[in-house]
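Can you join these two chains into the complex? Each is in its own frame, and there are hints to help.
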Amino acid sequence: MRQAPQPDGTGVFDTAIRDLVLMQENSKSFFSKLGIDTRLLGMIGALVVVWIVFDVITGGRFLTPRNLFNLSVQTASVAVMATGMVFVIVTRHIDLSVGSMLGFIGMTVAALQVQVLPEVFGLGHWSIWIIAAFSAIAMGAMLGAFQGWIIGYLAVPAFIVTLGGFLVYRGAMWWVTKGQTQAPLDTTFRLMGGGAEGTLGETLSWIFGIVAAVAAVVLMLLSRRRKAGHGFAVKPVWAEGILISLAAGLILCFVWVMNSYPIAKGAMKRIARSEGIELTEGMVWYHGVAIPVVILLTVTVVMTIVAQRTRFGRYIYATGGNPEAAELSGINTRLLTVKIFALMGALTGIASIIASARLNAVDVGLGTLDELRVIAAAVIGGTALSGGFGTIYGAVIGALIMQSLQSGMASVGVDAPLQSIVVGIVLVFAVWVDIVYRRRTGQ
Amino acid sequence: MDKQTPLVEMKNMRISFGGVHAVDDVSVDLYPGEVVGLLGHNGAGKSTLIKMLSGAYQGTGDIYVNGEKVEIHNPRDARKYNIETIYQTLALADNLDAAANLFLGRELMTPAGTLDDDAMEAETRKIMGRLNPNFQKFSAPVSALSGGQRQSVAIARAVYFNARILIMDEPTAALGPHETQMVAELIQQLKAEGIGIFLIDHDVHAVMELCDRASVMKNGKLVGTVNIPDVTDDDLLGMIILGKTPGEAA
Ligand SMILES: Nc1ncnc2c1ncn2[C@@H]1O[C@H](COP(=O)(O)OP(=O)(O)O)[C@@H](O)[C@H]1O
Ligand SMILES: [Mg+2]
Numbered sequence: 001m002r003q004a005p006q007p008d009g010t011g012v013f014d015t016a017i018r019d020l021v022l023m024q025e026n027s028k029s030f031f032s033k034l035g036i037d038t039r040l041l042g043m044i045g046a047l048v049v050v051w052i053v054f055d056v057i058t059g060g061r062f063l064t065p066r067n068l069f070n071l072s073v074q075t076a077s078v079a080v081m082a083t084g085m086v087f088v089i090v091t092r093h094i095d096l097s098v099g100s101m102l103g104f105i106g107m108t109v110a111a112l113q114v115q116v117l118p119e120v121f122g123l124g125h126w127s128i129w130i131i132a133a134f135s136a137i138a139m140g141a142m143l144g145a146f147q148g149w150i151i152g153y154l155a156v157p158a159f160i161v162t163l164g165g166f167l168v169y170r171g172a173m174w175w176v177t178k179g180q181t182q183a184p185l186d187t188t189f190r191l192m193g194g195g196a197e198g199t200l201g202e203t204l205s206w207i208f209g210i211v212a213a214v215a216a217v218v219l220m221l222l223s224r225r226r227k228a229g230h231g232f233a234v235k236p237v238w239a240e241g242i243l244i245s246l247a248a249g250l251i252l253c254f255v256w257v258m259n260s261y262p263i264a265k266g267a268m269k270r271i272a273r274s275e276g277i278e279l280t281e282g283m284v285w286y287h288g289v290a291i292p293v294v295i296l297l298t299v300t301v302v303m304t305i306v307a308q309r310t311r312f313g314r315y316i317y318a319t320g321g322n323p324e325a326a327e328l329s330g331i332n333t334r335l336l337t338v339k340i341f342a343l344m345g346a347l348t349g350i351a352s353i354i355a356s357a358r359l360n361a362v363d364v365g366l367g368t369l370d371e372l373r374v375i376a377a378a379v380i381g382g383t384a385l386s387g388g389f390g391t392i393y394g395a396v397i398g399a400l401i402m403q404s405l406q407s408g409m410a411s412v413g414v415d416a417p418l419q420s421i422v423v424g425i426v427l428v429f430a431v432w433v434d435i436v437y438r439r440r441t442g443q
Numbered sequence: 001m002d003k004q005t006p007l008v009e010m011k012n013m014r015i016s017f018g019g020v021h022a023v024d025d026v027s028v029d030l031y032p033g034e035v036v037g038l039l040g041h042n043g044a045g046k047s048t049l050i051k052m053l054s055g056a057y058q059g060t061g062d063i064y065v066n067g068e069k070v071e072i073h074n075p076r077d078a079r080k081y082n083i084e085t086i087y088q089t090l091a092l093a094d095n096l097d098a099a100a101n102l103f104l105g106r107e108l109m110t111p112a113g114t115l116d117d118d119a120m121e122a123e124t125r126k127i128m129g130r131l132n133p134n135f136q137k138f139s140a141p142v143s144a145l146s147g148g149q150r151q152s153v154a155i156a157r158a159v160y161f162n163a164r165i166l167i168m169d170e171p172t173a174a175l176g177p178h179e180t181q182m183v184a185e186l187i188q189q190l191k192a193e194g195i196g197i198f199l200i201d202h203d204v205h206a207v208m209e210l211c212d213r214a215s216v217m218k219n220g221k222l223v224g225t226v227n228i229p230d231v232t233d234d235d236l237l238g239m240i241i242l243g244k245t246p247g248e249a250a
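Quick note, the sequences are listed as chains X and B, same order. In terms of this note's numbering, the first sequence opens at residue 1 and continues consecutively. In terms of this note's numbering, the second sequence opens at residue 1 and continues consecutively.
Keep in mind the hints are simulated off the structure, nothing from the lab.
Here are the simulated DSS-like pairs of lysine-lysine, each with C-alpha atoms no more than 27 Å apart in a straight line:
| # | chain 1 | residue 1 | chain 2 | residue 2 |
| --- | --- | --- | --- | --- |
| 1 | B | 126 | B | 80 |
| 2 | B | 80 | X | 339 |
| 3 | B | 244 | B | 221 |
| 4 | B | 11 | B | 191 |
| 5 | B | 11 | B | 80 |
| 6 | B | 137 | X | 227 |
| 7 | X | 235 | B | 126 |
| 8 | X | 227 | B | 126 |
| 9 | B | 218 | B | 244 |
| 10 | B | 11 | B | 69 |
| 11 | B | 137 | X | 235 |
Same shape as in the complex, but just chain B (with noise of 0.2 Å):
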């Protein structure tokens, strides 16, 4: 894996808010075919970091795709370079239906170039039979939508559109058993097909199960990057909770 090229490599990355640094001199990678887990408590800094991947956030710092160097000033440039984003906030408007959110900034037209609407609701259909049998509310504002439903809505869409890397900002957070299961099935079956995945999760047992690797992150501050064969449940925990590499705590 190691003479491969990165899918991406985030090097140094900085901002803050008003004096705040929400994220402080971090840099990851990710490569083909891979899930990366980032960890850390609630304010860390995990979203801003993947924001500024996704084009939501401008810092500073050097973004390579494919080894090439890029600069991504908004979610247009990253939806280029093929980076889907499912937000933590899911980003959906509620007062449209599934398929215009599915499909919103990419509509799809009609050879007249008005929206297809049509055409847009029958390809929603078929990845949300794919995703989510049950989803039958094809014509209800997502407002009208249960918050599990709301979630594989917004995986829908990232995953639509051909994603050569995936974020997930805690992708199951609203989801039962059942539907978490299928989004770890969907997980698998994506890294299967050569996409890198950086997955932002609560549940450790979860990143354990899932990642190859995971870098944890604490009061904006990268902990450190470790292979998730090498470490413990209770190594990561003690990295999220101390700020210390397994190494460093021995």
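Chain X with its partners taken away, still in its complex shape (with noise of 0.2 Å):
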């Protein structure tokens, strides 16, 4: 398509943009009314926009509770560690080494359970997963804290620590083992990386479903309320109820769309011989909500909670949109960075646990690239480069963009040079995008 040159000399994405602006002015009034912001229904539009086109070029292939299932799955680990990217950048810091952190942690973790737990406890014990996982957690929240140790009191800059860190972690891990790969993990270690038996089943899902809509909906009334009780203005009462119902559907409707994915016959033989159930003929088993999906599920609860209303959450973004003002204040912006990668590095313990349970394996290349993945969600997710702005539930969102993407791709049979290809434009052009809305929205 020919494009009549603009007279800024930018051409037809300005203009699709001006058009942005101008159409969220005059929605302002309706979505302002709603109070949820623009950027987050600029997000959730490229996820559906991206979700029907591949539905559509695959014929109706995309978009089937198998697939969603699976795209759940592989999200969890980037998004995971996605939450804590966001903090990192948001106080204008980069952490380069958490994907050769995850393959450290993974090939340490796995060789623990699969060669020293079994000796002392012996093979299959019940507490080998609760030791693997919580050494993981621990492990990167030291790693974490010596990075932030660096950067906050001897002031190296954070992008060339964790370069190095980058480097020492793939290194570290190929001495783990001598470039072994170890498998296979500790069954029960296993139901944290998804799969048919890692789920909920179809009626803990349920369970969880209905327990996080009304905690969503009793949350908002009480935010309300309180609100109201100090005088302060609060949304109509449709506009109210419209967001509630929203979340509560969204919860709802996520958790039956998990359990409308059937168990493949040969899963429900394994799982009824394991549990000693007899199989009848016409009985149909479903996943339901993946355990590594509960764990990205909490983790973005709990980091939005920390981010929105504790003090740590609060000092890092008040040091991320003015350094000096924090310190004034009397924040320790030092201990304060080792903090952030300390929590950085445990958030990368749990995704190092869902990846390697997940693959049943850990070999030297797990977590290649990753750093790379969770900084581009963070970004696409609206956070900003030059601190003070970014959200946990944009982060997520935006990794579920890429995955999104990739795994679209390759089912329509892309390759993936081409793939690498396509991710690395759209990165740029909605980092261009999110800049030249910031300017235009003057935030």
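Structure, rendered in structure tokens:
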């Protein structure tokens, strides 16, 4: 398509953004009453567009319970780390080490449960997965805290420290087992990676969904009452009603989709045998919500609370907005840096559990390029590299958009090199749109 | 006034940055209910001097609060002694709203241990209603505020926490005549409550009007401290420009 040159010479995309901003101005009254910010709408819009396009191209094979279940599991590891990367980037740092750290932790913990713990407790002992999971998180927190200490107290830039970590951990990972792949992992540990066994199952999924929906409704009503109690303006009742129904509806809808994906016959036989259940003709079991997704949702809720409701979170955003002001307000920004990187490390530990459990094996390539996926997810989700701005939910949606693109292209048959090219272009494009959006809305 | 213990005494304060003596052997003091003006050209070292009192910089020299020697190593220490500061740069986190800035470092918490944003906003509304009744942008980040509105947030932050010693570094720089007048009234009111104020201001007339004494600095050194009733505008200007006290100049 040919486009008449624009006066400012930036062309078709700029016009599109101008229209977007205009549309946003016009729809302001409606959405501002709803109190949803337009960036969130934009990201959800982008996700919906990606999903619909791939669904059309694949002739309806994309938006199936099976594919959405897989998508949710594939997104979990990167999304967990992306929530931590938000804090890192908000405070004007970066962490290039998370992919290598994930690999190093994964390999160490795999070796622990394959070679060490069975010797001590016996193969398949119930405590193995707990020790392994705890070790992964503790190891991540310690490695992260050490990096944060160098950044905060020795004033070496985060880019350099974590670039060093990127190389060190990848090398250290090899040394753990002299490059040998570790498998198979503990059977309970493997549940945290998803798969036919690694889900809540139908009943628990419904309970989980209903509890989550009720909690969302109660929290929204409480917040409204508190605001009204202080005499602040609250949303109109209809707007609050729409939001509450949307939140509860989305949660239940998600559970319903996950509960519509039947477990394959082979896996059913395997599960039935291990649990001693008699299978009858015509019996169908469904997956339900995958355990790694439950972990991701828990992390998302906790990190959102940390970001919005705790001193720690408030100080992170204040420091990102104006480090000098934060320091003058009595915030110990050096210690804050240590805590932020320790948290990033702990989340990398959790992500490493999910990633290794999903593959049921750890080879020396685990986590390769994950740092870039994580940073891209946070940035696509609206985290500004200049610091001060970024949301947890944005990073999670960003990770979902990235994974949808990649899975979608794979299912259409786009080969790997072209997938990289497309994802790279989308990343740059998304950030450019965000920059123009910020400039236009004066944020 | 002489028999009273000073609220603050700073003795022989020194600090240098890479060989530049930004503050060089300066001593000043401040009594309860007194306003002391700090005057001098740009770069004379006024902001640097008061930053040693507010904990932003660590120099050498002795600081006494109510006659007791104190160590101020960081802004938390200064707040402990009820020293509040309105910085020349305002020191606001632009991405946060007025309430978050006002309570930064001293947040109000709910019994559950989470931030009580609603309570903080309610308190902010109260104090802003007193200081700047026109202020309405309570949920906008302070980057969306005008210079005067930002300044009033910085002032509110210093005043809210029951300061005993208040440092105002060019508090009216971004204000219009009406708002400047309001700050002048605020200073009178705080003074009447017994608060001691260091006021850094470029406007010699404002200093003549509001201050009890004035200390003049030039090139990091103290030119001298004078009682305002004993001097004229021109005397002060002479001290600032020539670096000589009226006695010497005569
Ligand atoms: N953090 C710093 N690093 C280097 N030089 C500084 C710093 N702070 C102040 N100075 C220098 O100290 C001198 C005094 O500055 P300042 O106290 O801001 O002056 P004033 O407030 O009287 O205008 C100036 O020469 C300034 O460049
Ligand atoms: Mg100054």
